[in-house]
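Colleague: The residues making up each chain are set out below.
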Amino acid sequence: MSTEARKPPAQIALKIRRILGGKTGWNGVAVQFVFAAILGWIGYEIVSNTRANLENQHIAAGFGFLRNNAGFDVNQTLISYTGSDTFLRVFVVGLLNTLVVSVVGIVFATVIGFIVALCRLSPNWLLSRVGEIYVEIIRNLPVLFQILFWYLAVLAALPNPRQSISLLGIVFISNRGLVIPRPIGESGFEPFLAALAVGIVGALALRVYARSALFQRGQMIRIWPYVLGLLFGLPLVTMLVFGLPFTFELPQLKGFNFAGGSRIIPEFVALTVALSTYTAAFIAEIVRAGILSVHKGQMEAGSSLGLSRGTTLRLIVVPQAMRVIVPPLTNQYLNLTKNSSLAVAIGYPDLVSVFAGTSLSQTGQAIEIIAMTMGVYLLISLLTSAVMSVYGWRVSRSLGA
Amino acid sequence: MSDITSSSFVRHDLLTERPAPVKTTGFIGLVRTRLFNSPTNILLTIVGALLLGFTIVPSVKFLMVDAVWTGKDRAACLPENAGFAVGACWPYIQAKLPQLIYGFYPEAERWRVNLALILAAVLLLPLLVPRLPAKGLNAGLFFFAFPVVAFFLLHGGGITGFGLSWTAGLLQLFDDSIMSAGQALLSPSKTSAIAPLLWVIGNLILLVGTAISWLIFPLTWLRDQIQGTGQSVWVDFAITTVVVSLIAFWLGGGVRAGWRTLASSLAAFVAIAIVIKLMGLDHGGLPIVQTSLWGGLLVTLVVSVTGIVTSLPIGIALALGRRSTIPLIRIFSIAFIEFWRGVPLITVLFFATYMLPLFLPGNFTVDGLVRALIGIALFTGAYQAENVRGGVSCDPARAGRGCRCARAVLVEDDLAHRAAAGAAPRHSEPRQQLHLAVQGHFARFDRGAVRFARFPASVVRGSEVVDAVDVVHRLRLCRYHLLYLLLWNVALLALRRAPPQRPPPQLIELHHVR
Amino acid sequence: MKRVTLALSLALAAGLTAQAADAQTLKTVKDRGVLSCGVSQGLPGFSSPDDKGNWTGLDVDVCRAVAAAIFDDPTKVKFVPLSAKDRFTALQSGEVDVLSRNTTWTISRDTSLGANFTGITYYDGQGFMVKKSLKVNSALELNSASVCVQTGTTTEQNLADYFKANNMKYEVIAFGTNDETVKAYEAGRCDVFTTDQSGLYANRLKLANPNDHMVLPEIISKEPLGPMVRHGDDQWFDLVKWTLFAMVTAEELGVTSKNVDEKAKMENPELKRVLGTDGNFGEQLGLTKDWVVRIVKAVGNYGEVFDRNVGSGSPLAINRGLNNLWNKGGLQYAPPIR
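Protein chains in written order, with the working numbering: chain W, 1 to 401; chain P, 1 to 514; chain U, 1 to 338.
A couple of the hints might just be wrong.
[To be verified] Capping the alpha-carbon separation at 27 Å, the derived lysine-lysine pairs in DSSO-like fashion look like this:
hint, chain 1, residue 1, chain 2, residue 2
1, P, Lys-96, U, Lys-78
2, W, Lys-254, U, Lys-131
3, U, Lys-78, W, Lys-254
4, P, Lys-96, U, Lys-169
5, U, Lys-164, W, Lys-254
If you're looking for bench data, these hints aren't it; they were derived computationally from the structure.
Every value quoted in this text rests on a predicted model; they were computed, and no experiment measured them.
All chains should be built: construct the whole structure from the sequences, respecting the hints.
Modeller: Next comes the structure, spelled out in structure tokens:
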């Protein structure tokens, strides 16, 4: 009389339960149901209220306004734009302005942040105090205040264009911004660009080859003369063959302002300086935290291997510190991008200023415009997060964590 | 003997004194060892000195030397009147100082702001000193009693009822909303295809609503009776006192052990009565000052403190939601957090200030400041959620990414840095992690609140916020803050039932979990 | 805290009953006990607060007149300072009941913004202000200049049109608020500051040395400024519209804040109609019979308001010009009250 083995409980049901309700099972499903009902109800109410309110007041809805003429001009445009272009183009212009200030700001903030962090960790007493004072002061003042400070107190103190500070007669600094000669492409431009591209690709390939030779055969190859040759020699040769790649258009004072040349407007400078110094104070603390989080023994181990202090930092300490640094660093990058929306206070034509500001008041379509603006910032944030997580994941993986 | 003394290998006279070793302490030592000990260091010192010189000298010149100190207003600072190139204009600041502090708060009522600030300081200071007793009472007063008092002090106005009226009002509101939901379902059901179903559901809801209205009828009836008497606040107050005290007595252990609870409950109510009497809340209270008149430092402080206090419970709830295994709640929490972290505060404030009424029905409005406060609370709450997650998910058994985040926060904040130096071996203890999360919260807060575009005068961040970090650190906020406990437990209830072998990670028990 | 909870639960409860009901602004205002009025953040003569937060100005007095007509109390107004770019959103959403913020009447604003203009309180035109030291005498000499302008205004668009039409280059720097714009102009960021002429005169007074700056003679646009209300509530639209007309009518009839009581006793049939001793026009507007008396007593007739705020009785000292009555060479003309 053998007892049959009892059947195992139906796995499929358990799995469904687990997927639908998590650890809590069917109770979780019930909670979810209620939760979804509440969310749906709130969503329905918002939509119906808004529709009722809009219909009541005959406010135009929809995205048709994007094809209308904007009718106003913008101070700094990376793509060609005139007042007779559409609101859609205004959107793109604003977005590009936001992106350029963010990217430049991020680069400077990272560089300044690392320098300040190294200052604070420096054995030199005075320098570490200077770093500390910098961090404490900058971090504790609101960023809006700092933007206004740079714009109204520092840059506005520059002379007007007629008395501008001239460097060698080609670069001018005044309260209208920094004017530099503008390169204008000539016949040799395309070959020059091609040569430069070939040079960069070749240099990178050489480096990959040299590293694999080092790791696999232990062979040290000196590549820097070839790299220099590729990067500078090749373009130089093409210049000799095809002629000058570009000439420079020199700025000249005409009437109120400079004609010709390229100009970096003071709003951009003030915003970039304020954002990057402000964010750098936070980045400095993050970097310091990251470096301090690496055990002291790592440094000692490095020096017992006969590595110099710099090499130890570069090869041993910083890669480990990066694991700690990357997540909060991402946050700072996102913050900088979002803080660039304060540009409206100083008239820098970023997305919030020209699109969520001017365009909104010209068209009155608040819902569409604010939704688009928020959506774009969200997208930028998510993309930055994604890129930085991939980087963080690679760093962790290469350290075997 | 003599051959020893005369032997050639014994020294006959003392050695000349060698110079003392280089001093490594004190100012001279510092200069030697940390400023000028190597060529690189000398160079760095010079660079540092130059940096300081280039920033400090012009600042001092602008703020002190070239500044105008006397005068009545901005006119005194014109170069013609002053006679030299003018730096800072202090008379102007002096003339505008009241506006910078109070905004347009009516002059006659400004004592109320001062009193609120003094009250806050008086309640805060004992919290700062670890040795002083009665931290629980003190924290309770600061976190619960003070906000209510401050509200009536700053905004003004009185009350018409008390606990009983409020309970009745809330229940009635709840019932009304159920009833109108039923009505809403009934009305479109004539045309819709699923009309009968809607009709049935609508009627069911109506039935429930009617049942509830019968259930709460005694309460509403009593409320109406009380409102009929001339002394509605006090009658209501007396009834509430009796009911709450009896419940406290019963919960506290009844006749055997409940006397202590009863006494403290009664004491609390006596205190409330004194406050009501003192502020005259029973007959209208202080004159109402609209929030549109508030401004300057006052708004900065209100926004900062409200943001700090409210964003922590929101953050904890969201962080728990994000760790939940229930898919919908987890997805919602993630979406919510990422949304708020991804959009600029300035658009959030624009939305809250100017667009919110568009999404609300008809004529319903919420005070502008409250709307902005809600926006800021949600914004900082989402940031906070990530800090809490970093702290909570730091389980020593599986020290994952969160742990490192928390540790980064730990070192990031100097304060926490010192704390960690003292408690290094147990720094992955959950309680410690929660503290870290709390501290990260404050370290992060300064970004949000003060960027309050509507109030340009509030450019001063106010060192008060910094002090609050210290306060809360010393206070071990989480232990005392009952609201957090409450939210924590509510969130847990929603998330999972306690498995018998592993107690739910309630906040109190976190302290003992290893 | 209690209020917040209550407000939230109210919000939830009210959400349930949300129907597309007609926006009854007058009822809401009466229930609330105070009129919510959108004004500019600080433009002397039109709307500016003093140290104590008391608002004065032409735009402010329009709101006070509406409040006086409704409550017989010109102080029952809550002023909401708005920047140019935020104003329409605030009106659309119901954050303010009236937008009285030197807003130019244009067709696109009338048709697509969801708002109605109730009349013209000030006939204006756009001009330019420059530093005297630039030695510019005409706007046509402004080629390649930098121009400071407030964002979200018709000014910004007129500027683009004007420079394009005259084939001149320029650089525009647009700021969010009037104060920021003036500050940047004063700091030398731009050569030219442009806005409505009245605004130029008002802002000039704010500068450190008003005499160093001059307003150029060109007027490049028509800027009829007036209050706005939301679409979809005709009663409220009529009320605000006729409040303005009542102020102009009072001036036509010589009714001032001082003599209004005597005039009300006179046997002139037109005066009797306007001042409410005859007929019930006020009640048809949802007000009381003596609505015009209330308005005139509280703020005075249009001429008084003008003189007090921007005209001869104010530091701005602007001539009546186009803003004089139609029978005195101006454009102010009110339909008859009958």
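Colleague: Hints the structure violates: just list their numbers, smallest first.
Modeller: 3, 4
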